[in-house]
Amino acid sequence: MRRPVLLLGVQVAAVTAILGCLLVIAALHPRRLDLTPERRFTLSPYTREVLGRLAGDVRITLFYSSQAGALRREMTDLLALYQEAQPRITVRAFDLDRSPGMAKRLGVGSYNTAVVEAGERHEAVEVVSEEGVTAALLAVAGTPPVATYFVVGHGEHDPRDTDERRGASEAARALAAEGFRTGVLEGAAAVPADAGLVVAAGPRRDLRPAEVEALAAYVAGGGDALVLCDPGTPPSVAALLRRFGVEPAGDLVVDEHARLFGTDGLSARVAYLNQDLVPDAPEVQALLPEAQTLRVVDAPGVRADYLATTAESAWADVDRRAGDGAAFRPGHDRRGPLPVATFTRVPAAGGREGRLIVIGDADFLTNAHLGVLGNRDLLLTAAELAGRADALAAARPAAVPGGTFSPLTLTAREARLVFWGVVVAPSALMAAGALATARRRRLA
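Mapping to numbering that gives the first Met the number 0: the sequence shown position 22 is 21, numbers consecutive.
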């Protein structure tokens with residue numbers, strides 16, 4: 000009798016010891032598996048990179064409403080992720096009604112507001128989301144803001160315009176959240192001295208010679224620029240780009256295979272970013288509504304490389320006939336993958352380096368298209384690469400909430416499969432069942 004009891008005791012002790020070891024390991028090396036559709040308990044790679052660059056202590060103070068318990072838990076869970084990822088961050092939470100003095104000192108007058116403090120600087124976050132908190136961290140403890148000027152006056156997309164089809168106000172807001180202070184540059188014969196980035200978002204008309212020379216001198220002198228050019232680039236803009244080793248092909252990219260449901264097949268999907276140029280770049284699956292390809296050409300004193308390409312299924316209609324349902328012509332049109340973005344570096348005096356990024360489409364940053372797939376990531380990654388030496392090129396937090404009603408993007412083929420599986424097949428089964436029931440009743 001003693002031996003079985005002894006063996007049982009040894010087994011219980013062994014299992015207890017193993018479980019104890021597992022608990023100790025779990026406590027020392029905590030891991031979290033986030034299975035929520037919106038990745039609620041996981042910070043984006045971009046946010047983690049921002050946190051990794053914090054050089055000083057940061058304090059985040061949350062003022063909540065005691066009447067909104069669910070929202071309070073959601074906000075405190077998010078801020079806890081920041082505190083876990085960066086020990087320099089301290090998080091405090093106060094009931095606004097019970098801490099009016101603290102709220103007044105920090106300038107808070109509404110519920111569910113967070114204040115991010117670093118030294119003497121502070122920034123209020125009225126919508127406590129990952130995007131908002133990370134933007135506040137950049138504002139108070141990140142890199143200095145970059146003065147960004149949009150060239151206007153030639154039919155470009157204007158950052159002040161809220162129109163869905165032509166405006167770029169949402170792009171300006173997204174850039175401002177990452178520390179790019181936006182303004183406009185109209186008819187200037189010189190680029191402002193404080194300019195850190197100049198953006199030409201789809202000029203439709205020729206620039207004046209003085210404007211062309213001002214932009215050329217700016218880049219050649221170590222300035223940074225982002226040029227977005229649709230098919231049919233004005234001659235003055237095309238000539239400016241050729242001076243820096245980039246030539247717009249003037250064709251039209253077609254991708255019927257990856258065509259999104261509801262589009263005409265002329266939208267090009269950016270499938271690959273050059274990992275040699277951007278090792279930490281996110282997997283951007285951007286959608287360029289009407290894109291042309293770009294060529295790298297010889298230009299003295301510059302180094303130009305391809306930055307992004309389409310998928311192999313895309314092809315270039317060299318005569319831009321695709322709007323009439325034209326098909327691929329072997330030996331005339333070109334098969335993918337096709338280059339749609341370039342990155343040029345221009346050595347300048349004093350060890351400086353001008354950077355020029357060109358993308359063969361401008362409509363992707365409009366208010367109507369910025370939120371589609373990875374368009375926002377593509378814009379921000381391009382701005383970071385061009386405007387900052389220490390570019391923050393990583394996947395950003397989602398700009399729209401996820402969850403049950405998250406937007407779903409499908410290709411035309413995927414939409415057909417969903418239609419057949421969700422609508423046609425169940426309808427056929429229901430019709431067959433109804434016919435069988437009716438026939439049985441007639442026979443009875």
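It is worth saying that the hints were derived from the structure and are not from the lab. There could be a bad hint or two in this list.
[Said to hold, decoys possible] Computed Cβ-Cβ distance ranges for the label pairs, DEER-style:
| hint | residue 1 | residue 2 | range |
| --- | --- | --- | --- |
| 1 | R172 | G19 | 46 to 56 Å |
| 2 | L6 | R52 | 49 to 59 Å |
| 3 | V14 | E83 | 24 to 34 Å |
Here a beta-carbon is modelled for each residue, glycine too, at the ideal position from N, C-alpha and C.
Outcome of the hint check:
1. R172 x G19: 46 to 56 Å: holds, 52 Å
2. L6 x R52: 49 to 59 Å: holds, 57 Å
3. V14 x E83: 24 to 34 Å: Given about 31 Å between the Cβ atoms, the range holds.
Going down the numbered hints, you'll see the structure goes against none, and every one checks out.
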